[in-house]
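If you want the building blocks of each chain, they are given just below.
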Amino acid sequence: MNATPQFALVDVNNFYVSCERVFQPALAHTPIVVLSNNDGCAVARSNEVKALGVKMGVPWFKMKDLAEKHDIRAFSSNYTLYGDMSNRVALVLRDFSPEIEIYSIDEAFLRIETVAHLYGGALAMGEQIRHRVKQWTGLPVCVGVAPTKTLAKLANYMAKKRAEFNGVCDLHALSRPERLGYMADIDAGEVWGVGPRLAPRLKEMGIQSVLDLRNASPKTLRSHFGVVMERVCSELRGIACLELEQVAPSKQQIMSSRSFGHSVEALEDLREAVATYVDRAAEKLREQGSVCAAVHVFVQCNRFRPEEPQNNTGTTVALVAPSDDTLALTAAALHGLRSIYRPGFRYKKTGIMLTLLSDKGVQQGSLFDAPVEHARSAAVMSAMDQVNRLYGRGMLRTGASGTQQRWSMRSENRSPRFTTRWDELPVVR
Amino acid sequence: MQTLTQTPVKMPVDTPACEVRLISHRISAGFPSPASDYVEDGLDLNDYLVRNKPATFMFTVKGDSMTGASIEDGDKVVVDRSQAPQHNDIVVAVVDSEYTIKRLFMRDGEVELRPENPSYKAICFAEGRELQVWGVVVGVVRRYPVKR
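Chains as they are written, first to last, in this note's numbering: chain A, 31 to 459; chain B, -18 to 129.
Don't take every hint at face value.
[Said to hold, decoys possible] If the Cβ cut is set under 10 Å, some of the chain A residues that face chain B in the computed set are:
| hint | residue |
| --- | --- |
| 1 | 58 |
| 2 | 104 |
| 3 | 119 |
| 4 | 448 |
| 5 | 449 |
| 6 | 455 |
These are calculated hints, taken from the structure and not from any lab test. All values derive from a computational prediction rather than experimental measurement. Glycine included, every Cβ here is placed at the ideal spot set by N, Cα and C.
Only chain A is shown next, with the shape it has when bound in the complex:
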């Protein structure tokens, strides 16, 4: 058996758009964009929209004319649906290889060198992955296979952009001249870890294409960009420096914030929003088995309206003892909010960040520890998490988060949550 590592990167094409299309067949050829929180910017575009030259992140209001002219349909982000579909894809992929890293909502790396022969080789395996994901979930994917993660990313890019690959590219099934030819053809900025920020600096050094980057001197790269770029270069030469990260590392801080649907002035509304974000962040904190020692809370006015009075400020509140209790964290956040809130401003955004995280298991006892209360808090929190897992997010939350939530985010064109709500299932006649 071949001992060289083989990574497959599986990536869903235009993921959010594709999720919308699975359940709305009438949209199969309609130009679609999916908008960010609060219906702000385009975060996903169908191929038709890309062909019209609409770039990622363009604000919706700036493309309204174009949208009218070409009948572009805009959807608010339906994260419930996208999350469920993402889980389904991950389940399908796990069948192909138990060694899997869910890299993002629409991408996963697999290690396949020990299993590829079961499918008749990497290329055939890629084709079966593509076929099965499409058949089972309705989502189109592309697969890139290579001996390093960075090259697998590149192979995936080629599978997506070059029709001749038909959605699956095994980089090392190509001859060496062919492979290097493609690399010469692709901009260095497309390489994973380079991006549009570093690409201009590479260009200044005469590094234009992927091939240039591959052939650059590691020493020079290191002295200009540090060890990360040197690693990118090695990876492009087929030397695997990055391992599969099967267990996501625990987050060092947990942030939860969002812009309001419209400006908010009253402390009460801000309190509700802050409590809501603490609710969600605390749940994440418990999910990863951590406790936090401090809560940061901040408010922002609309920075794009400099003519309006601005109160953009934040504060950090330390807890008596590290905790993962929603109620303790909410109390701290609201305490902080009270200290920074000033009336008479039109607030656009608020948020919280849980910081100074540590493992719950290795917590140090404190003078003021009350074991009985600890046990009670743990029981209440675990009950809360279970209820919310069973009956849907936010079913059980703190009273401070309010019931009206008049400030909540704008999502006027969200499609139904087709896969997770009984009353929003697709209808068949």
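Following the hints, position chain B against chain A.
Frame of chain A; chain B shown alone:
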């Protein structure tokens, strides 16, 4: 981490002669249940209805075109996309960009979507016209409105 010292720590003079510890432990009275070794999780409808989780979706049925197959208006149907559609399966298909639930007829080169209600007509697929099956119906769920 502390370094171990060679000298033993001196005992404080006023060590109490005895120490009372309260250990709380719940002890259930009565006989243990003879069935406790045989307890199972109970019935899970997901186990029964869903054979392939990532490929299974639910739809709400509208209308009466399938009443002959005991699929009524308002029923939820379980649709498995991993099943290859075969003759006589009930399927969810996409016709003119709309979902339709019908029985699939595939015999002697004829392909039709047949309703199970005489007041509806079959949808025929002439040669060259493509039938797009979304998934195969593998179950139906109905709840009756019970008022007490």
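For each hint, the structure was consulted:
1. 58: Holds. Min distance 7 Å.
2. 104: Given a least distance of 19 Å, the restraint on residue 104(A) is violated.
3. 119: This interface hint holds because 7 Å falls under the 10 Å limit.
4. 448: The hint holds - residue 448(A) has a Cβ within 10 Å of chain B, the shortest such distance being about 8 Å.
5. 449: holds, 6 Å
6. 455: holds, 5 Å
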